[in-house]
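Student: Below are the chains, spelled out letter by letter.
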Amino acid sequence: MTEVLLAVSGVAALTGGVLVFTLDSMARVTFALLGSLVCVGGVVALLGLPYLGVVIVLMMVMEMLIMAVFMVAYMMNPAGLMPMSMLHNKRGAAAVSGGVFLALVAGIALAPWPDRAGAPPRDSTVQVGAELMRGQMLTMVTLGFVLLATMVSATVLATRRGRYDRFGDDLDRPAHDPVSGGVGR
Amino acid sequence: MDLTARLLRAAAARPRLLVLTTPGGTPVRLAVEREARLRDWPVAATPADAGLLVLAGPGHPGTAPAVERLWRDMPGPRARLHARHPDEVAAALDAARARLASPDLQRADAAARPAAPPPDELPMAEQGPDRDGLWLDRLHVPLGPFLPDWPAGLVLRLVLQGDVVQQAALAGPAPVPGPAAGAGGRFWAEPWLRAAAGEPVTIGEAARRRAAAQLDSLARLLALAGRPGQATRARRLRDALLAHAPEPAVRPAVAALHRAVCRWGTLRRLTRGLGVLSTAEAEAAGVSGPAARADGDVFDRCREWLECVARDVRRLDATGPLDPADPVGREGPRGRTTGPLPPSVALAGLLPRLLTGTELAGARLIVASLDPDPDELAAAGAELAHD
Amino acid sequence: MTDPMTGPVAGRAAQPVAEAGAWWAVPAAPALLLGLAVLTVAAGAVLDARDAGRAVTPRTALRPLLDVAHALVRQPRRLPASDRLLWRLGVVTVPVSAVLAVLVVPFGGHAVADPSVGLVWFNAMEVLTWAGLWLAGWGPNAALSLVGGYRFLAQGLAYELPLMFALISAATGAGSLRTGAIVAAQQDLWFAVWMPVAFAVHLLGVLAFSFTGPFAYPTGRDLAGGVLGEVGGADRLLLRAGRRLWLAAGAAMAVPLFLGGGAGPGLPAWAWSLVKTLLVLAVLVAAERRLPVLRADRWVEFAWVVLLPLSVVQALVPALVVL
Chain A
0 MTEVLLAVSG VAALTGGVLV FTLDSMARVT FALLGSLVCV GGVVALLGLP YLGVVIVLMM
60 VMEMLIMAVF MVAYMMNPAG LMPMSMLHNK RGAAAVSGGV FLALVAGIAL APWPDRAGAP
120 PRDSTVQVGA ELMRGQMLTM VTLGFVLLAT MVSATVLATR RGRYDRFGDD LDRPAHDPVS
180 GGVGR
Chain B
0 MDLTARLLRA AAARPRLLVL TTPGGTPVRL AVEREARLRD WPVAATPADA GLLVLAGPGH
60 PGTAPAVERL WRDMPGPRAR LHARHPDEVA AALDAARARL ASPDLQRADA AARPAAPPPD
120 ELPMAEQGPD RDGLWLDRLH VPLGPFLPDW PAGLVLRLVL QGDVVQQAAL AGPAPVPGPA
180 AGAGGRFWAE PWLRAAAGEP VTIGEAARRR AAAQLDSLAR LLALAGRPGQ ATRARRLRDA
240 LLAHAPEPAV RPAVAALHRA VCRWGTLRRL TRGLGVLSTA EAEAAGVSGP AARADGDVFD
300 RCREWLECVA RDVRRLDATG PLDPADPVGR EGPRGRTTGP LPPSVALAGL LPRLLTGTEL
360 AGARLIVASL DPDPDELAAA GAELAHD
Chain C
0 MTDPMTGPVA GRAAQPVAEA GAWWAVPAAP ALLLGLAVLT VAAGAVLDAR DAGRAVTPRT
60 ALRPLLDVAH ALVRQPRRLP ASDRLLWRLG VVTVPVSAVL AVLVVPFGGH AVADPSVGLV
120 WFNAMEVLTW AGLWLAGWGP NAALSLVGGY RFLAQGLAYE LPLMFALISA ATGAGSLRTG
180 AIVAAQQDLW FAVWMPVAFA VHLLGVLAFS FTGPFAYPTG RDLAGGVLGE VGGADRLLLR
240 AGRRLWLAAG AAMAVPLFLG GGAGPGLPAW AWSLVKTLLV LAVLVAAERR LPVLRADRWV
300 EFAWVVLLPL SVVQALVPAL VVL
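So the sequence lines, in the order shown, correspond to chains A, B and C.
For the record, in the first sequence the residue sitting at position 18 is 17 according to numbering that gives the first Met the number 0, with numbers rising by one throughout.
For the record, in the second sequence the residue sitting at position 120 is 119 according to numbering that gives the first Met the number 0, with numbers rising by one throughout.
For the record, in the third sequence the residue sitting at position 58 is 57 according to numbering that gives the first Met the number 0, with numbers rising by one throughout.
None of these hints come from the bench; they were simulated from the model.
From the three backbone atoms N, C-alpha and C, an ideal C-beta is built for every residue, glycine too.
Just to be clear, a hint being listed does not mean it is correct.
Said to hold, decoys possible - One-sided and incomplete, this derived list gives chain A residues near chain C with beta-carbon spacing under 10 Å:
hint	residue
1	Val54
2	Met58
3	Asp122
4	Val125
Said to hold, decoys possible - Computed Cβ-Cβ distance ranges for the label pairs, DEER-style:
hint	chain 1	residue 1	chain 2	residue 2	range
5	A	Ile65	C	Leu71	34 to 40 Å
6	B	Pro60	A	Leu13	56 to 62 Å
7	A	His175	C	Leu266	37 to 43 Å
Pulled out of the complex, with its shape left as it was, chain A reads as follows (with noise of 0.2 Å):
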């Protein structure tokens, strides 16, 4: 049953996966990649690791969707009203893809793979979480600052308008928006 529903997921990420490249209407490709990225979460779940694999799911979801909008925003033809191509350099981009897909497949064939020691943990998530916040702590940590550094500046480059503007020179008037926030400034 589980090699059944692995197969019909993998089979399924693989043909969105192409969808993405195939379709011309930047939502439904948004949505393709979507489904592809839930399959992959449903076959994280059943190799064991179900936390994992549902967190992708809903990480996924949130970010394709937010990914939605910037799609939509920036690149013509959102609604696939008129005929266009998501492919570039097919040449060049066959020979990539294929050189890496290839690679890929030669190391799951020749890599020694480790026989298994001890019975799979009753709750895998106890030891994700264990080996994240113990072994990789530092790693998380720092990871995690980074992350928020980056989006602080990226808004902070992106705002035309700081604080200066907003508060005035002294930051001492009420807050000049277009549109006021919803507590009380």
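Chain A is already provided as a structure; the job is to place chains B and C on it using the hints.
Tutor: This is chains B and C only, laid out in the frame that chain A set:
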């Protein structure tokens, strides 16, 4: 009886109405809304959801194309009716419901339906700078002539970026030809116009009409602000006033509505800073009445209506003649009726400026808080066209 | 550091709290969910009738069900250049995800499934409504409908993080993501008592992902129905059903997360679960009618500046207590 007929009958037991009001059709609309409320027939927001198209008011060539477009958009089973007079509303609704429940008529309607016209060539969106200095798509979206809780017939042509209004231009309503432009076609201002023409009108009658008009406006604003229960209560009060309810019957309900609207200050906090209009600006634009007196934002105008209604409800039994020196006689529900143009014209004229830069939700609230009377706009259009 | 799976929680859960996988639970859970959803519709109809000054009779409560007949006889609608595939997909996603979400909600002593990541599963299914509503707004190729779809995303960006922290608070308190274990951890004290902020944020979140009441912004009257504006017939029924199903699912989930599940004196566990779920639903139905619509420009700032820090601090409380 086959299944389709049964389902049709069940669906027609609670038909969903799409109410389209033509200029001069305010009394008919009020009758339709009252019937719908008492019968529990929901008022739909769009043709997708509606089964019964109700055209309320005298025929009007200006809005006819929009009505036909909405009728074409309405999937079956469907029926339409045209009520020209408040008295014929109840019977017309019953007859239309019978048509809606009839399998034969509905099959005939489905068969006679013209094929959908081929879609027009769809233009790509143009682009322009937005308020944050980004270069974004611009969409041209007309608001009106028919929208739920919208002054029927008013058309605003908006240029939107996302849901931010970049530009707004007034483009309607079309003027009314003929007698509908007279006092009879301006239901809410009627007592003042009649008094000006020398007919005897009592203060009580005018106060009653003004309170009802402002409750009608208030109901629209509350519905848009997401308080359908309070909107229903305001409409009930309006209907009670128009049905000559005595003062003691309505006064506690008006006070209760006032308290409910202002409770916890949530509505105030949610509408603060929207559509700010000072008294000086309003008077410079020719606006008189509650919108000028409120001297503030959407919520201030809402509160001004509530206070006006509370004052007027105390005068329901005043029998003196309406004269311009009296506080009731001086102005109608939207302002002074003595100027060269009806007060709603100045209100509508403010919209393009107040709407620019707001978000769509805020823009709708601003329009509702000024609530120009479409009957007055159409009458003014007729006067202007006549000159 | 206590290992969450072998710590005090597992010891307390000596008697099984949620029995998963009974065959009859599979049809029973959606049926119960639908029953609760219909109940909220009926309650809404009675309150509407009272507001409108109509006589309240038993028929009043059931009249909204006539809309089902209306939806079934309705002819399909064809709009120029609509994306019917995505539109339909979005419309179906909303109710289906609600049903999938309750699979992990224990009711009395039973749940359809009690996976080790039940809480995350519920959260993931709830996030699927983002996709559902955006697609439902995008599909018909109509400006106001599209604005409605985007409005839900704006709203989602504001409610989702506080909601996640509220869920995490409950999970931290129990030291497990398993809903059964979360119920077991509340045998002495309900989480609602010592995590009131998380409980309140969860209830707000329920209203938000059911896009109703103060969060009916994506289907606003100012947008002529927004996401609901262009859908008719069965599609409309599915979306509206999805809205009520999610309200019921969120209320049902609040009980095991914050109100001790089926625990209580005297009555059997299922009865306590039912009573508590109905009470939460009553609170939600009352709240959805009292609060005005929160426009995103006001709500997002409030959510990020007030709600999010509060819910982070709230999540810190069980973290300090448990560890």
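Student: Determine for every hint whether it applies to the structure shown.
Tutor: To see whether the hints hold, each was checked on the structure:
With a least beta-carbon distance of about 6 Å to chain C, the hint placing valine 54(A) at the interface is held under the 10 Å criterion. Interface restraint check: methionine 58(A) against chain C, minimum CB-CB distance 8 Å, threshold 10 Å, status holds. About 5 Å separates the beta-carbon of aspartate 122(A) from the nearest beta-carbon of chain C, less than 10 Å, and the hint is met. Below 10 Å, beta-carbon pairs count as interface contacts, and valine 125(A) has one with chain C at about 5 Å; its hint therefore holds.
The hinted range of 34 to 40 Å is satisfied by isoleucine 65(A) and leucine 71(C), whose Cβ atoms lie roughly 37 Å apart. Look at proline 60(B) against leucine 13(A): about 60 Å separates their beta carbons, and that is inside 56 to 62 Å. Between histidine 175(A) and leucine 266(C) the beta carbon distance is about 59 Å. The supplied range of 37 to 43 Å is therefore violated.
Figure legend: structure checked against the earlier numbered hints; the only hint not met is number 7.
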